[in-house]
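Protein chains in written order, with my numbering: chain W, 1 to 529; chain Y, 530 to 809; chain Z, 810 to 1178.
If you're looking for bench data, these hints aren't it; they were derived computationally from the structure. Be aware that a few hints might be false.
[Claimed, not checked] 25 angstroms max Cα-Cα, derived SDA-like pairs, lysine to any residue:
# : chain 1 : residue 1 : chain 2 : residue 2
1 : W       : K391      : Z       : G1044
2 : W       : K72       : Z       : K1092
3 : Z       : K960      : Z       : G904
4 : Z       : K1092     : Z       : M947
5 : Y       : K697      : Z       : M947
6 : W       : K349      : Z       : P1055
[To be verified] Covered by chain Z, per the in silico footprint, the following chain W stretches (three or more residues, Cβ under 8 angstroms):
# : region
7 : 369 to 379
8 : 390 to 396
C-beta atoms are modelled at their ideal positions from N, C-alpha and C, and glycine is treated no differently.
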Amino acid sequence: MTGRPAPTGTAAPRATSGVPAIRMVGIEKSFGAIMANLGASLEVMPGEIHALVGENGAGKSTLMRILGGLMKPDAGRVEVNGRDVTGWSTNDAIAAGIGIVHQHFMLVPTLSVAENLVLGCEPKTRGVVLDYNRAAEDVRKLSADTGLVIAPERLISDLSVGEAQRVEILKVLFRGAKILVLDEPTAVLSPPEVRELWTVLRRLRDNGDTIVLITHRLDEVVELSDTITVMRAGQTVARIKTSETTPAEIARLMVGREVSLSAGKRVQPIARPTDVRADQGLEVRDLCITGSHGVRVIDGISFSAKPGEILGIAGVEGNGQTELVEALAGLRTVSSGHILIDGAEITRKSVAVRHDAGLSHIPEDRQRRGLIMEYSVADNLILGLQKDFAKRGVIESDRVMENAVEEISAFDIRPANPVLAVRALSGGNQQKVVVAREIGREFSVLLASQPTRGVDVGAIEFIHKQLLEARAKGKAILLVSAELNEVLALSDRIAVMYRGKFAVVMPAAEASEEVLGEYMIGTKKGNAA
Amino acid sequence: MIRISIPFLFAATGGVVAERAGIVSLTLEGFMLSGAFAAVLGTNYSGSPWVGVLTGMLGGLIFALIHAVATIRYRADQVVVGVAINLMAIGVTRFFLKLFFDSSSNSPRVAGFGGNIKAAGFDNPLLWLGLLVAPVIAFVIYRTPFGLRVRAAGEHPDAAESVGVSVKRVRYAAVAISGILAGLGGVYLALDQHQFTDQMTAGRGFIAISAVIFGRWDPIRAAAACLLFAAAETLQIQLQGSHAIASQFIEMIPYALTIVALAGVVGRAVPPAALGKAEA
Amino acid sequence: MTAPAVTEGVAKPTFSGAPWRERAEEALIPPLVALLVALICGDLLILSYGQSPAAVYRLLLEGTWGNAYGFGQVLYKATTLAFTGLAVSFGLRAGLFNIGAESQLAAGGFAAALTGLALPVGTPLILALPLCMIAAGMAGGVVGSVPAYLKTRFGAHEVIVTIMLNFIVLALLNWFIAGHLHVPETLHTPEIHAGVVPRLSDISARFHGSAANLALVVAVVVAGAVWFYLFRARGGYDLRAVGLQPAAAEYGGISVGRVWLRALTLSGMIAGMGGINYVLGYKHYYEDGFASGAGFMGIAVALVGRNHPIGVLLAAFFFATLSQGGLAIHAFVPKQMMDVLQGVVILAVAVSVPEVRRILRGARRKSDV
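Model the full structure from these sequences, guided by the hints.
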């Protein structure tokens, strides 16, 4: 079924029944201060589709990178088809039939499909010259065999996301992969593309390949997989047969606490202040944003977030949420439409002007956007507020310190040292610095994007509390989160973002995981403009 | 004019290879200079210019390896290392100039190739080599597996690593090639003038980089740029007597053109995506 | 093998009690390593000449710090290097590589010369010097602003633009001098009388014969101003933020493009002002080519000085000592040795900065928990 014979090298022996295709035990891996894997394990039987689930940051990608030879574990054992292969290289893994399809495509944009496919195992004529004809042939043959059709000459930069993914899959099959690992493959696909992929995966499985599917989409897990391994905080917490469990059970294992999938913890409706002007809060009208390739990333969105309410935006990542928040924050240009804060138009205004107009922003990428890692905690607490802490161009360091001490104690930031470089803090504490700063300033509209990503449980509770307090004080809050339970727990109204538009906007009381889920994957279309 | 273009052709082609693989090549000047000196050293002590060619290539290679180790293994900043290499080349050549030839400015005369003025240099094998080097390298880059890996390493090293290509090894090879080629440029220069003089490359390495950029990192286009710049220099020499346009302005042409290319006034010059990044 | 963007896992906090110590270690160790490497190379080169390293080093110190003339020469050379070093380090703090310090220096010197020539002969120094300095700064600033503009508007990389501009500006200045302004048989302007900076030898006879002049004081003052701007002024906060993480700076409301423009223009201004050392303090005329090499050495100084004004002053002093020292030991070992050593030092620092950081951070991680 593969386009060419498996490359020479340690070829995978035909798996005998009973011997796991993959067996990883006690895997540990740290990156500096971050412990990505802490006693993780995985056992995958041959010829099955095995789902590896967990929230963002649970350690799934790292585990698979270790399997694929992109990195070596600090401790633990890796076996493939019964053979100990701990610490092997990518070349060894490829030769043994492991193929990883990465979440962020590993394709060279300026090269063609055929060139990307043969990179590293190029066919040659007379030993020196690259045989382009043969490469193109190989691509076509593989396309025909697998049903993943793509023209060999096309440049990667010209392909759509779904097409690029097809190339990624072809790439691993080309090298004779019998064990495929797909990392969040449907995160960026449209529904018809998703269905197509599921068909491909089932066909591969039926042909005897083994598939590990990393995902955090429950519907995928339920529909496709035979067995599920759940990871949380770097560890493996469960291994179960799909047929013997329920979505609720899986979600509970993923998150580690009771997560009601229907009416769960809800915010108490609060009395809206009656003297609120009609134009207060955040208003967005007919917003359009065009991304690369001329694609409409945001396709005519209109909504508003009123003072004293949290508007939650749910949705699978990659449907335009990031771009929407960036545009609202002033970090991305808008093609057309209007953004207003308290009635003032800020559509094309700079970040500084937006701050003055009352906008605060907790960014989804704190280490890149929200904090300057080499700066101290105190200096980070005034990022965006320099002019409030400077007199005649000179920074007033005593006031900066005062401010830092106050906020460190109010937000319980640890270690409580204002001159420490913020890179020395844990993820949760770093996020607290960002939250302290953004909530501590004068604002009327808050954009909170993935506010608890990569944050430990205690800090999560704290941040949620802060958001609710801001709401009680009459602020308008836009909460964008990939964690459905967070959105369900905190929002007054919930919108589901799908392909650059709101598929639906509904009061939180009417929402549930099932209902929202259908809008999130596009099976249901709704009423929102 | 052809003669003037040869050093540019060698160096620029070498620069294309290294930069396509993702390593900044401000060092061409230093490679050329060391190649020139090594060539004179070799020719002087052996009496044969061919030995000089070999030693010249070696001279360029040695500095290229220093550059490669510092930037690839130690991930030092490529621009800074580039400046350091150029300075070291000046210093080392000066030092050995004094040590071997007891002079602060120039070496004794050595044999070169050809020398028959009427033949306009075409009896110099290096000249032919220089004219051929660009098409050969173009073939390598676009039609061989190595060239494919070079291009991948310079645009998306992660993708290359993920299929088992050792980006480090590719880059070492690319830098080594650039050292050898730029060294040959220096060899040609020195043997053509039949001696080595202090800092004789006089900025030619930077003109070569300009050609690389102006040629949008394509060997043939870069070669065309080299010819263009060589034409400018020829023009400048011929204008030296007359006062039609001051020669300094002609001198500026390659540099001004490069800035224009970067600013995208005549179509953007986009470098390889991973150029200069310390990763992988 | 590449490390992925770390988005997973529970962070283990690491910290040591004294953040200053961490930063100091990472800052100071590379230059010291470089010094060590230079010493070793120096030993080898000296030995290859059949001389004794100890004797040569003693001679070097005597010739540089041991007598007033030598010391004066060191101070003089250090002054120019301080200006270019401060200029380059200022740009680097904003994440920008200013390789054009040489042409900015030359342009500044040229402007100072023109101003000095234009002013009437009897103009008091209090008036003439600032005017010349302003002219020098503005000329350097103009040259510096070009790459800044091209970068913000077109995304053109400043490294190449500054290198190219170097050649262009120097050619232009050459044209001015060769064509119009030179004293016959030379490549320099007529002698300047207004705005001349007094030499150290005018103050203390011990410095007789050396070129050291009060431009040195200006350099120190400028270093102080740079320090204040970078670490105390709001503009400096913004500038360093842009240099460290432009995405975060943008998020924090800082206009990255404006900071770049400011950084390179100021960087050019600083380099330009350095022109007064030669033009007003030493020769009292502008001479074509006086700036030769000062730009690249400025990069070395900025690097070894770890982009900090105090470090830059020390590094400038160090490199000036090497340069002057080469002359002092010339009878025994060719001064070209110093050229080699300078390159070695830069390379050593360039390599050790990331390496030291890696080792130190690895060691700190193991010791915590």
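Q.
Checking each numbered hint in turn, tell me which of them this model violates, lowest number first.
A. 2, 5
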